[in-house]
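A.B. asks: For reference, the chains in residue letters:
Number of protein chains: 2
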Amino acid sequence: MNEKEALANIRQKIDDIDLKIQQLLNDRAAMAQEVARIKMDSGEQADFYRPEREAMVLRTVMERNQGPLASAEVARLFREIMSACLAAEKPLQVAYLGPEGSFTQAAAQKQFGGSVELHPMTTIADVFHAVETSHACYGVVPVENSTEGMVSHTLDRFISSPLKINGEVTLRIHHYLLSKEKNLEDISKVYAHPQAIAQCRQWLMEQLPQAELVPLNSNSEAAKRVAAEPQNSAAIAANRAADIYGLSILARNIEDEVDNTTRFLVIGTQNVGPSGVDKTALLVATKNKPGALQTLLKPLADNSISMTRIESRPSRKGIWEYVFFIDIEGHIHEPAVASALSLLENESSMFRILGSYPKAVL
Amino acid sequence: MNEKEALANIRQKIDDIDLKIQQLLNDRAAMAQEVARIKMDSGEQADFYRPEREAMVLRTVMERNQGPLASAEVARLFREIMSACLAAEKPLQVAYLGPEGSFTQAAAQKQFGGSVELHPMTTIADVFHAVETSHACYGVVPVENSTEGMVSHTLDRFISSPLKINGEVTLRIHHYLLSKEKNLEDISKVYAHPQAIAQCRQWLMEQLPQAELVPLNSNSEAAKRVAAEPQNSAAIAANRAADIYGLSILARNIEDEVDNTTRFLVIGTQNVGPSGVDKTALLVATKNKPGALQTLLKPLADNSISMTRIESRPSRKGIWEYVFFIDIEGHIHEPAVASALSLLENESSMFRILGSYPKAVL
Chain Y
1 MNEKEALANI RQKIDDIDLK IQQLLNDRAA MAQEVARIKM DSGEQADFYR
51 PEREAMVLRT VMERNQGPLA SAEVARLFRE IMSACLAAEK PLQVAYLGPE
101 GSFTQAAAQK QFGGSVELHP MTTIADVFHA VETSHACYGV VPVENSTEGM
151 VSHTLDRFIS SPLKINGEVT LRIHHYLLSK EKNLEDISKV YAHPQAIAQC
201 RQWLMEQLPQ AELVPLNSNS EAAKRVAAEP QNSAAIAANR AADIYGLSIL
251 ARNIEDEVDN TTRFLVIGTQ NVGPSGVDKT ALLVATKNKP GALQTLLKPL
301 ADNSISMTRI ESRPSRKGIW EYVFFIDIEG HIHEPAVASA LSLLENESSM
351 FRILGSYPKA VL
Chain V
1 MNEKEALANI RQKIDDIDLK IQQLLNDRAA MAQEVARIKM DSGEQADFYR
51 PEREAMVLRT VMERNQGPLA SAEVARLFRE IMSACLAAEK PLQVAYLGPE
101 GSFTQAAAQK QFGGSVELHP MTTIADVFHA VETSHACYGV VPVENSTEGM
151 VSHTLDRFIS SPLKINGEVT LRIHHYLLSK EKNLEDISKV YAHPQAIAQC
201 RQWLMEQLPQ AELVPLNSNS EAAKRVAAEP QNSAAIAANR AADIYGLSIL
251 ARNIEDEVDN TTRFLVIGTQ NVGPSGVDKT ALLVATKNKP GALQTLLKPL
301 ADNSISMTRI ESRPSRKGIW EYVFFIDIEG HIHEPAVASA LSLLENESSM
351 FRILGSYPKA VL
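One line per chain: the protein sequences are Y and V, in this order.
For the first sequence, the positions run 1 to 362 when the UniProt record's numbering is used.
For the second sequence, the positions run 1 to 362 when the UniProt record's numbering is used.
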């Protein structure tokens, strides 16, 4: 068999595989529609998107994958397949913090795939509002945006919102050094958000030991400032800021940590079931007495429950001075979590479960 | 069988389907790797990405699709499957006109799927340069951006570049009315690129009959102008301009035509084979005599070949006063096209085939 015949032969095999895949994709969509029909018949308010079920499918797919496709690639394809099947069940509206092209849009696409309708909102409050008023089924907002410091807006919004956390998305974020200059040696000043400076400290020490580091409110502001100055300055910012402010990229991916990720929350109205690997978010206030926080957290340690994050925020309701946002590992349906949380609730002056949801798979 | 059992039953069937799909996806990737191996062994310069083959697969998939998944959805899934298989063969670098979040990025993703490495470039010339110097295998540039008028940069670049056209992508574009005002009745002036005004004329007449329409160089400039003015003005622009310039969205999708698409070209070094439904792009200059253009185009009409577009541009080489960019239907391997082009070549003082490539499928 010559090369041409060999190639034609394999292409025919690929065509045969494609026919089978297409049949199976449509079979799967038909099954998903059947699930939808049964749920509708039951008369209850039906949740078509099931974050815990999707997380379980993706984990299974990744665990059993033998290649040659990389596990993350296969998971990405299954995310899209589930997205398409869901759209055949019921078109999903998802609001996110815009503009188009924002990291939050990328996070929303990563979570929901390409078949949902994504609606950019101008503020985090607008995203909450869209879901609260049922204009969108779900919302996606940044919660730990290490470089832009937007965390507080999202957390504060939960104090007054009835919405729940239905999922989390993590995204890798890269930093770029932007300037009007063409050479690193001409840079004597670097502007950036303090956290961006911290994340690139080693690179800055090695490449720009002579440069003055000037902290600003945001990386966008840094890029804007560099654009307005005649020379010798640079900004740490996202790629896109180069075009918006007419700067050149002097260096790429200058973050010290290879794994510089930003975290987003999926907000919704659903109670998400356990997926096997879950997190639970709490909003609590302590009684106003010394050692109150330690007492509050003791049940978690006693039950060997990991706390992955705690953040204090001034309460706006005037009843408590501070509220705490606490993330723990586990789902409220797990007995150890349920009993620890019941003890924790006794010690708090305010206690709300913001949601149990699957830990980000990819 | 109660509802819970029925759902569990269907979920099990979905899991079984998923297992089969995953196996087939990996089988397909293994076949693609085998194709790559045969090509490498042959010693020739191998093209791993075959636009005509992808177009044929997508057309077949859409034609035979029986649902319940929509044909466009299945095609989108197959685009992603081919993208993942290609990445398993050879990671592909694609340069595009940035910034991230631009329409051109969306076009690049639509053409190449989510598994390629996309690199944003600052200018159209930079995209050409990246491909010419082999820093990217392919480039994606706008060619008929009806609202921003960037057409000329791309066409002019072909006059001096050896690159070929390897594909086209079409994208639907929406217009938004952006303003600091909250009510339409407060708008007395609308800024926009003349083509954007033309595309929204009916909507403007109905909704803002009293408003003065002010043409500017680009819609981005219009948004910027509105941001700088105290009140009563609005801009027609893309969604994202709202956030960049701090404006509110007063109205969405105000274009009169439902099908307001923008066209992009995939540029590369490849000779793309016929897919069955193709287009060919020509760059020609006429001999300087009366009626030369009519004579030039006669062979096309005589051979019943449709010309889909003609655009004259001033030549920068000084030898010809004008050059013409001509798009026709058909592939240079089709006998009618070949013979018509050979006649056309005789009539022209300069003649270059910029490429035959598959017509956009989706």
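The hints are simulated quantities; they were obtained by calculation from the structure and are not laboratory data.
Certain hints may be false.
Just so you know, same-sequence chains aren't split out, so a pair can sit in one copy or run between any two.
[What the hints assert, rightly or not] No more than 16 Å apart at the CA atoms, straight line, and that leaves these computed lysine to aspartate or glutamate pairs for EDC-like:
1. K20 <-> E229
2. K359 <-> E329
3. K298 <-> E347
4. K4 <-> D41
A.B. asks: Look at each hint and say if it fits the structure.
C.D. replies: Hint-by-hint comparison with the structure:
Proximity of K20 and E229 under a CA criterion of 16 Å is satisfied in neither setting, with 60 Å inside one chain copy and 59 Å between copies. Taking CA atoms no more than 16 Å apart as the test, K359 paired with E329 passes inside one copy only; the shortest distance there is 9 Å, against 51 Å between copies. For the identical chains of this complex, K298 and E347 are intra-copy neighbours only, at 10 Å inside a copy versus 89 Å across copies, given an alpha-carbon limit of 16 Å. Proximity of K4 to D41 under the C-alpha cut-off of 16 Å is restricted to the inter-copy arrangement: shortest distance 12 Å between copies versus 55 Å within a copy.
In this structure, the one hint that does not hold is number 1.
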